[in-house]
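Engineer: Take a look at the letters that make up each chain.
2 protein chains.
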Amino acid sequence: MDRRKFAALAGAGTTGAILGAPAIAQSNPEIKWRWASSFPKTLASSWPMMQAFAQRVGELTDGKLQIQVFGPGEIVAPLAVSDAVQNGTVEGGFTATYFNFGKDPAFAFGTAIPFGLNTRQLTSWLHAGGGLKLLNEFHAKYGLHFVPMGMTGAQMGGWYRKEIKSIDDLKGLKMRISGIGGQVLQRLGVVPQQLAASDVYPALERGVLDAVEYTNPFDDEVLGLHKVAKYYYAPGWQEGGLQAGHFINKQKWDSLPERYRTAIQAVAVEQDQAILTHYDARNAAALKRLMALGVELKTLPRDVLSAAYKENLVVLDELAAKSPDFKKILEHYWAFRNETLLWFRVAELGYDNFVQAEFARVKR
Amino acid sequence: MDRRKFAALAGAGTTGAILGAPAIAQSNPEIKWRWASSFPKTLASSWPMMQAFAQRVGELTDGKLQIQVFGPGEIVAPLAVSDAVQNGTVEGGFTATYFNFGKDPAFAFGTAIPFGLNTRQLTSWLHAGGGLKLLNEFHAKYGLHFVPMGMTGAQMGGWYRKEIKSIDDLKGLKMRISGIGGQVLQRLGVVPQQLAASDVYPALERGVLDAVEYTNPFDDEVLGLHKVAKYYYAPGWQEGGLQAGHFINKQKWDSLPERYRTAIQAVAVEQDQAILTHYDARNAAALKRLMALGVELKTLPRDVLSAAYKENLVVLDELAAKSPDFKKILEHYWAFRNETLLWFRVAELGYDNFVQAEFARVKR
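Residue numbers (this note's numbering), protein chains in the order written: chain A, 445 to 808; chain B, 445 to 808.
Please keep in mind that the hints were generated in silico from the structure rather than gathered at the bench. Don't take every hint at face value.
Since the list gives no way to pick out one identical chain from another, each pair is judged satisfied if it fits inside one copy or across any two copies.
Taking lysine to any residue and the SDA-like style, the derived pairs with C-alpha atoms no more than 25 Å apart in a straight line are [what the hints assert, rightly or not]:
#1 807 <-> 491
#2 671 <-> 532
#3 732 <-> 804
#4 807 <-> 613
#5 577 <-> 755
#6 732 <-> 546
#7 742 <-> 474
#8 508 <-> 702
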């Protein structure tokens with residue numbers, strides 16, 4: 445081959461590469477995003493999964509979508525994450541929608557409402573029942589897009605310094621519980637308190653607080669609440685299935701290449717499963733350790749639960765009267781719950797209750 | 445710039461591109477894989493998710509890992525999928541591990557065993573309890589690597605032409621049920637039958653078969669079994685949580701770039717959730733439609749369930765005595781079950797049973 449031909453070919457190749465480069469850059473742009481977190485780095489149940497989320501999204505976009513993760517307070521205060529996402533201080537944040545309850549109670553549905561969908565139902569409503577689409581139509585009014593990641597399962601009903609034998613024992617009780625659950629208990633005589641997690645322990649110790657609603661054995665053990673409150677109550681009527689997740693600035697989300705969105709969605713579901721399975725595999729052992737330390741595991745009396753169930757319906761009606769978005773989403777959510785309760789009663793509970801009873805009897 | 449300089453630069457650019465190309469090809473090679481399926485294309489609960497799996501894995505690998513999906517019988521018979529993966533006829537297949545039960549009963553654990561882990565427990569055991577690692581050490585002996593995708597939830601106990609009032613009604617009953625469940629019922633007088641799904645309807649219609657174990661309302665409705673068997677029994681004691689998934693040729697899996705494996709794992713979990721949420725959102729409506737057509741929803745009598753529970757323990761012991769792998773995995777699986785039953789009883793069942801009872805009472 446003579447030099448000119450080679451040069452011409454080489455030139456053609458180079459031109460092709462130059463022409464191709466902008467097209468590749470357009471479809472796979474390099475993007476650097478900052479991510480805030482409402483949840484502490486000390487939680488082994490969620491922080492490693494938050495890191496895995498950022499790492500794997502990067503891996504699946506050839507290192508082009510780089511998510512830099514910050515712990516609570518590092519660049520944004522834990523409860524200000526969605527504000528920071530909304531105003532563009534950060535592109536996204538790992539949080540819970542219901543921290544925005546004060547802005548509109550409809551923000552509760554992305555996390556949990558009392559006596560609402562259990563874990564399986566909530567996941568199903570969000571991903572296969574039209575729930576997530578409906579929520580994100582509402583979140584969009586605040587410039588936010590929600591991507592679920594991190595389900596705790598049914599929580600515990602909380603730590604109490606005194607035994608709760610009947611509904612009368614709730615009168616005047618100072619309890620750390622917020623949102624709809626707090627409003628429900630207020631109607632039963634409880635004085636709901638808002639406290640940061642770090643203030644809970646000393647408040648219980650000094651008797652400024654009588655009870656606290658937190659999470660589940662695996663997380664609660666870390667807080668050490670068993671040292672200052674002996675009675676550990678089930679079930680977590682206020683959060684029968686709790687969903688955490690990412691708020692992403694909607695404008696940023698919409699401008700993302702389709703493939704990057706696919707990476708975020710797939711990895712978020714993968715890590716959603718990682719968080720729930722982590723809890724499901726470790727809560728029993730944590731509960732046993734707590735009981736070995738003298739914690740008394742108790743069930744809330746039926747009259748307390750029934751009264752809370754009744755007052756919850758009143759509170760939901762009141763909130764629906766105040767917020768059109770709450771009303772709209774509640775109707776959709778509640779219809780899904782009522783419909784699916786039939787199936788879960790027949791198949792899942794039929795199976796679970798039999799296995800539990802027979803295991804207790806046969807011991808094997 | 446004179447021509448020679450330009451040519452030299454162009455040449456350098458080209459050389460760079462040529463040198464770079466093999467490096468890119470090595471880290472992101474183009475790979476075409478063929479995928480067989482044991483499950484029919486007519487199942488709206490899994491086939492669209494199988495297609496989404498292939499499409500999204502392609503999207504997340506820049507179109508480089510191309511998975512071509514074939515329906516059952518198109519290139520491999522439905523129950524021969526794992527053989528075809530093992531001998532390299534196809535690189536992977538969408539199937540259930542327990543179709544290999546005849547080779548070694550330890551293949552059952554990747555799918556379901558009677559009175560075993562429920563859906564949440566099974567997912568947790570696989571992904572957070574060391575179960576999947578243990579299973580794949582066993583599957584590797586057959587040149588197979590398992591990636592879970594597709595959980596049905598607790599199944600129904602089956603369709604019966606006659607009502608089952610006590611354990612005596614099982615004697616001589618010809619039922620389509622295989623694996624460990626079939627061996628358990630055989631010990632109670634049932635004559636277990638192996639039939640392809642397509643043969644079940646005519647066999648029930650002609651009375652050659654008295655009962656059949658299939659899946660859940662959403663899938664069962666498609667088969668039309670309600671036209672030939674009136675009694676629909678819960679719970680699905682034989683499959684309290686059923687996992688489907690992909691068998692991948694282990695040599696092919698091991699040779700895959702890390703990033704492609706990440707894409708497969710993340711998308712498989714995403715579509716695992718898509719399948720379960722699809723069932724959870726639609727089983728109730730399907731069950732209502734079946735009941736409106738005259739199907740009688742029944743619960744298996746307690747003496748039948750208890751007898752099956754007892755015989756199951758005998759069968760498990762027998763299988764453990766025959767297969768060292770079955771024994772090893774059973775010990776791990778059963779320890780996880782017994783441990784986690786405590787937590788699921790306290791939190792999940794405490795919540796679910798109360799909400800069910802109160803909803804039935806309050807009707808809201």
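Engineer: My question is about residue 732 and residue 546: at a cut-off of 25 Å on alpha-carbon distance, are they close within one copy, between copies, both, or neither?
Structural biologist: neither (37 Å within a copy, 39 Å between copies)
Engineer: Is it within a copy, between copies, both, or neither that the alpha carbon of residue 742 lies no farther than 25 Å from that of residue 474?
Structural biologist: neither (53 Å within a copy, 58 Å between copies)
Engineer: Checking an output row: residue 807 and residue 613, CA cutoff 25 Å. Within, between, both or neither?
Structural biologist: neither (36 Å within a copy, 28 Å between copies)
Engineer: Treating 25 Å as the Cα threshold, decide for residue 577 and residue 755: within, between, both or neither.
Structural biologist: neither (29 Å within a copy, 47 Å between copies)
Engineer: Should residue 671 paired with residue 532 be assigned to within, between, both, or neither, using CA atoms and 25 Å as the limit?
Structural biologist: neither (41 Å within a copy, 59 Å between copies)
Engineer: How would you classify residue 508 and residue 702 at a CA-CA limit of 25 Å: within, between, both, or neither?
Structural biologist: both (13 Å within a copy, 17 Å between copies)
Engineer: State whether the alpha carbon distance between residue 732 and residue 804 is at most 25 Å within one copy, between copies, both, or neither.
Structural biologist: Answer is within; shortest intra-copy Cα gap is 17 Å, inter-copy 33 Å.
Engineer: At 25 Å max between alpha carbons, let me know whether residue 807 reaches residue 491 within a copy, between copies, both or neither.
Structural biologist: neither (37 Å within a copy, 40 Å between copies)
Checked against the numbered hints above, the structure violates hints 1, 2, 4, 5, 6 and 7; every other hint is satisfied.
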